[in-house]
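K.L.:
Here is what each chain is made of, one letter per residue.
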Amino acid sequence: MYEVERITVEVVSAVACFILVRFMIKPFRLTGETRYLGLPLGFGFLGASYAFSALSYSPFFDFTNRGWVQLLVRAFAFLFLIITYFFSKSEKKPRLLWNTTICILAATLTILTLLAIVSPQVSLSDYKFAQILVRGFSLICLSYIAIYALKSHMERPDPTTLMIPLGYILLGIGQYSALTWAIDKSYFAFFGGLTLRLAGLAVFLFVSYRTFYSSEKGE
Amino acid sequence: MKRIQRRDKMKIFGDLLSALHSESATEKIVLTQVQTKINVPYDRLKTYIAELVDLGLVQDDSSLNLTKKGIQYLREYGRVLDFMKRMGLSYR
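Heads up: the protein sequence lines correspond to chains A and B, in order.
Position one of the first sequence corresponds to residue 1 (our numbering), numbered consecutively onward.
Position one of the second sequence corresponds to residue 1001 (our numbering), numbered consecutively onward.
It should be emphasised that the hints constitute simulated quantities derived from the structure, not laboratory data.
A few of these clues could be false.
Cβ-Cβ distance ranges computed for the label pairs, FRET-style [what the hints assert, rightly or not]:
(1) Leu1031/B with Arg210/A: 55 to 63 Å
(2) Thr1032/B with Leu162/A: 22 to 30 Å
(3) Phe191/A with Asp1054/B: 25 to 33 Å
(4) Ala1025/B with Arg210/A: 24 to 32 Å
(5) Ser214/A with Ser1090/B: 44 to 52 Å
(6) Phe137/A with Ala1025/B: 32 to 40 Å
(7) Gly1056/B with Ile132/A: 51 to 59 Å
(8) Ile111/A with Lys1069/B: 20 to 28 Å
(9) Asp158/A with Leu1031/B: 31 to 39 Å
(10) Gln1033/B with Ser214/A: 46 to 54 Å
(11) Arg1075/B with Asp158/A: 27 to 35 Å
(12) Asp158/A with Thr1032/B: 28 to 36 Å
Below 27 Å or equal to it, Euclidean Cα-Cα: the simulated DSSO-like pairs (lysine-lysine) are [what the hints assert, rightly or not]:
(13) Lys1028/B with Lys1009/B
(14) Lys1085/B with Lys1046/B
(15) Lys151/A with Lys1011/B
(16) Lys26/A with Lys1085/B
(17) Lys1069/B with Lys26/A
(18) Lys128/A with Lys1028/B
(19) Lys1085/B with Lys151/A
(20) Lys1011/B with Lys89/A
(21) Lys89/A with Lys1068/B
(22) Lys1028/B with Lys26/A
(23) Lys1009/B with Lys26/A
(24) Lys1068/B with Lys1085/B
(25) Lys1068/B with Lys1037/B
(26) Lys1069/B with Lys1085/B
(27) Lys1011/B with Lys1046/B
(28) Lys89/A with Lys1069/B
(29) Lys1037/B with Lys89/A
All residues carry an ideal CB built from backbone N, CA and C; glycine is no exception.
Go ahead and model the full structure; you've got the sequences and the hints to work with.
P.N.:
Below you can see the structure in the form of structure tokens.
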């Protein structure tokens, strides 16, 4: 039901995330610090999970554990984003710790994804329960990031720094709606969740374009 | 007492290019003023400037000036710092 609409939303979300990766990689490219690598990885994996989701709804694609791969990739996307913010202010934490954390996460994701694809028998049977857990986990990550970004805004109040917390809050409410839909199958929550996700990603795109392109035109 | 944050080289280069750019409006760049602005010892300032000249970001003819590449780098540096600030991320 509503498969065409779902595929459309997933494709649009995936494209938006892949465009965002282009901007999110800039802090890492400028500073060379691996603690900022979580941003492009997070949005890249988020885009991959949406692309995977779109494929799983299409009739041309079928393999047994498609849902598991999508869940894993999405959970790790939020994990990459949260560790970027967690390590962002930490000057005391050594560079080795950031590098090790990124490497461990990337290795774990690769191994789990391969296990889900190559050896389907190791997967848990209760996919629905895992889906609720991942959405709950995503909600916790997004809440942490939104609070962190809001705190940064409060420290140095500036109207330009208010948009990104708003983007994370919209993504968070979208995840909450998706969680509600996973539990009680309310279609209001389902479409509300998808709309809020698109709105959140649109905020990120708006901020990125405004930062990198509107100043260019003004010069 | 407020702790002074440690800067990495990239941040120092960014601050130095920015200071040189703003000083270039004056008749002649006075290095001691640049030194005060970016808060580094004089001998290290000379080393940093030599590195920037090697990288092609600054030219040292009769006076110090930012090259076209240096101005482009400074612009991109400013944009990325602004983006990081908007994202709620800090960069020392």
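K.L.:
Against the structure shown, which of the earlier numbered hints fail to hold, in ascending order?
P.N.:
Result: hints 1, 2, 3, 5, 6, 8, 10, 11, 14, 18, 21, 22, 28 break, sorted rising.
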